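K.L.:
Take the given structure of chain A and dock chain B to it, following the hints.
As they're listed, the protein sequences go chains A and B. Its first residue numbered 1, the first sequence is counted upward by one per residue in the working numbering. Its first residue numbered 1001, the second sequence is counted upward by one per residue in the working numbering.
The set of hints was computed from the structure by calculation and includes no laboratory data. Because the structure is a prediction, the values reported are computed rather than measured. Even for Gly, the Cβ is constructed at its ideal location relative to N, Cα and C. Hints should not be assumed to be uniformly reliable.
[Said to hold, decoys possible] Distance windows between CB atoms, simulated: (1) B:VAL1066 / A:SER94: 40 to 50 Å; (2) B:ALA1050 / A:ASN104: 22 to 32 Å; (3) A:PRO146 / B:ASP1036: 20 to 30 Å; (4) A:LYS28 / B:LYS1026: 22 to 32 Å; (5) A:ALA101 / B:GLN1038: 23 to 33 Å.
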Amino acid sequence: MRKRLSIVAVLLVYTFATSSCIHRVDNKPPSPYEQAVTYSTMLAAANASIADAVISANRSGLLSIQETDRILHFQSVIADDHQRLSSILNSGVSGATDSAAAINTILADIQTQANALIAGGGLGIKNPKTQGTIEQDVNSVLSFEPLITKYLQLAGVLK
Amino acid sequence: MNPQLVQEIITLIALAGEYGTELYLKLKAIGELGADEQANIHKQITDGIAFDQSVKDKYAQWRVHVGLDSVPTEPVPPASTPAPAVPPTPQTPTEAAPATLPPAVVPIAAPAPAPAPKVSTVHDSSSTIPPTEEAPKAGSD
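Looking at chain A on its own, in the form it has when it is part of the complex (with noise of 0.2 Å):
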């Protein structure tokens, strides 16, 4: 059950993701930079709700000590790639243009981490559901750095 609530909650993630629901109150088109900026802080917003529900399940006892550690360490990483991020974002479009190399390595960091977490096992939870459920939690963070790849890019800040 559970597993099915966190498939149709990235699912939404991506609906919504994708469907351009950033918008202005003065209904200008927000220009890509904008739009990648707020993909990020989506990204860090679906990492602190996933950190909530993590904790509740340890709370009622679906995950153990052990791996709502793992995972919280997992989300903490990411949280520190992200304020990296927004460190350089917060310098403006030239500003991140220059570096564009940081950037770049800090979105792989955060793809290459989840990777790893999820192909090699580096959850290490027994239960498969369980497993398939943080799965898919960590994938719904994940669903946000191409999208703010794809904008840094609109906006000239990665080639």
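P.N.:
Then chain B, alone, in the frame of chain A:
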């Protein structure tokens, strides 16, 4: 947004339950931008960093809660609390602290923290946004 997509999202929300709904609403709120691009970018970045910090804080608290960290990591003073941000209130030389002010002394509002000059060159310790490596230097052209 086209109506079919709206329907699709509503259906997904109904299936996703509380967790999905909460996340959806949060994302929807994030996607609603004001009219000023620079303000939007600044707000998004500030909010994003706050989300990041909340993840790290919750993780630290959880570790303490379950006994993985025995000692609360640090007696954290509120990180963003600026030290003595309030300039010392100008006080008239001590002893004369009458219950009522002499009429001549109009209580002057403590000099409001001077509005930062447009081009703030020094440091920006009050900002919640960590400085970038590439922060513009003072007076750089």
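K.L.:
Indicate, hint by hint, whether the structure satisfies it.
P.N.:
Comparing the hints with the structure gives:
The beta-carbon spacing between VAL1066 of chain B and SER94 of chain A, approximately 46 Å, falls within the hinted interval of 40 to 50 Å. Judged by the Cβ atoms, the range 22 to 32 Å given for ALA1050 of chain B and ASN104 of chain A holds: they are separated by roughly 25 Å. Between PRO146 of chain A and ASP1036 of chain B the beta carbons are some 27 Å apart, a value that agrees with the proposed interval 20 to 30 Å. For LYS28 of chain A and LYS1026 of chain B, the hinted distance range of 22 to 32 Å is satisfied, since their beta carbons lie about 24 Å from each other.
Evaluation of the 23 to 33 Å hint for ALA101 of chain A and GLN1038 of chain B yields a pass: the beta carbon distance comes to about 25 Å.
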